[in-house]
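Using the sequences plus the hints, can you model the full thing?
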Amino acid sequence: MRLINCSTKRFEEFFDEEVPEYAILSHTWEGHEISYSEYNNDLWDQTRKMYPEATEKITATIAKASEYGINHVWIDSCCIDKSSSAELSEAINSMYLWYKKAEVCFVYLSDFYCFSQYARPRSQGSWSEPLFEAVALRRCRWFTRGWTLQELLAPSNVHFFDRQWMCFGTKRSISLELSAITEIPGPALEGKVAEHTYSVAARMSWAAHRVTTRGEDIAYCLFGLFGVNLPLLYGEGATRAFLRLQEAIIQRTNDLTIFAWQHAEATVPELSREACSILAQSPRNFEDSGDIVCNDLTDNPEYSVTNKGIKFNNWNFERDGDDPDTFEVPLSCRRKWYTETGSLHITLERLKDSVWYRSKNETFQSHKLFLKPLHRRGSTAALWYFYIMT
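Numbering-wise (the numbering used here), the sequence shown opens with residue 1 and increments by one.
Take these hints with a grain of salt, some might be off.
Pairwise CB distance ranges (calculated) [stated by the list, open to error]:
(1) Lys192 to Gly227: 36 to 46 angstroms
(2) Gly31 to Val193: 35 to 45 angstroms
(3) Ala63 to Glu12: 12 to 22 angstroms
(4) Leu351 to Pro301: 32 to 42 angstroms
(5) Ala63 to Asp296: 49 to 59 angstroms
(6) Asp16 to Val135: 37 to 47 angstroms
Calculated lysine-lysine pairs in the BS3-like style (CA-CA distance at most 27 angstroms, straight line) [stated by the list, open to error]:
(7) Lys171 to Lys192
(8) Lys336 to Lys192
(9) Lys171 to Lys49
(10) Lys49 to Lys100
(11) Lys100 to Lys82
(12) Lys101 to Lys82
(13) Lys192 to Lys101
By construction, these hints were calculated from the structure, which means they are not laboratory data. Everything numeric in this text was worked out from a predicted model, so none of it was measured. Yeah, the Cβ is synthetic: ideal placement off N, Cα and C, and Gly gets one too.
Take a look at the structure:
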């Protein structure tokens, strides 16, 4: 891990247990950002003159870390040599852990200004944290970016700064405002409940409205949230990258909520009984899945990704009406507010023999996930194994 020494302003590299305490920066890239090569040379004074705003972000981060008594900082723009594909891949696969292990994370919001002049004194005589407008905070670009999701969740100690580097709150002190903006439950933000205890569908929904500059990054930025490590293949496209992510998640868990998604509104005119992959095309498909919780995962069937599709072993499901080739398949999950016993379901249609596909016209209804409790009716089927097209 390459860090900047706050005293010498020079890079230092550390490995594993040797890594000292460090502060880490979370920000949005705007205009020109100082790269590794630009920082790691003897022309720093010239670079500062050419890009004053970009260099100010680095110097301010170093200054804040020193105020906190921390002598090292990590900044993604300059601490990664992006000319090395191997180093970039290692950094992206390690980034969640790096943010998690940071002593403190500084979130710098360059498009936000808090009203520090209206700070109110506490009863003890000291001053409270600066006031700010929650509506203005909601408009910050930082909340729309894919990479900042893990930068919000991973570190336990997060301090928020406005464009003048005024600290106006921590992740705990403004958790209500952050939860309202991000739709992430407060317990997850406050560290009271670990992220992995939430269903796959719920965690995917946290990224549903976030964007990245490069299409593939919408999948790559979620590696840490789901505990997977994959090679970077820029050029594969956003959809293929997201499919690879889902395949990797399936190898780690049998959480069936990974199939609890809906089609985007753009596909509505094309809805028909044509073949549809059981896997989602992007996190956007999970936008209405934030309140889905798992039942007992031990009751879920074994399934895996193969070159023929997703193979399920010994999964009981029910015939949908009188159609012998259409079945309702339980996902062993429910809406959090749904108190009755039962399971949400999707509909599968038979292609041939043991090969099935997901019905394309069963998942969209007035912007709501068309997953309903499975009520027992008709005959059941228990296949030893079958494949669903991906």
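Verification of the supplied hints:
{"no.": "1", "hint": "Lys192 to Gly227: 36 to 46 angstroms", "verdict": "violated (19 angstroms)"}
{"no.": "2", "hint": "Gly31 to Val193: 35 to 45 angstroms", "verdict": "holds (38 angstroms)"}
{"no.": "3", "hint": "Ala63 to Glu12: 12 to 22 angstroms", "verdict": "holds (18 angstroms)"}
{"no.": "4", "hint": "Leu351 to Pro301: 32 to 42 angstroms", "verdict": "violated (20 angstroms)"}
{"no.": "5", "hint": "Ala63 to Asp296: 49 to 59 angstroms", "verdict": "holds (51 angstroms)"}
{"no.": "6", "hint": "Asp16 to Val135: 37 to 47 angstroms", "verdict": "holds (44 angstroms)"}
{"no.": "7", "hint": "Lys171 to Lys192", "verdict": "holds (12 angstroms)"}
{"no.": "8", "hint": "Lys336 to Lys192", "verdict": "holds (18 angstroms)"}
{"no.": "9", "hint": "Lys171 to Lys49", "verdict": "violated (34 angstroms)"}
{"no.": "10", "hint": "Lys49 to Lys100", "verdict": "violated (34 angstroms)"}
{"no.": "11", "hint": "Lys100 to Lys82", "verdict": "holds (22 angstroms)"}
{"no.": "12", "hint": "Lys101 to Lys82", "verdict": "holds (22 angstroms)"}
{"no.": "13", "hint": "Lys192 to Lys101", "verdict": "holds (17 angstroms)"}
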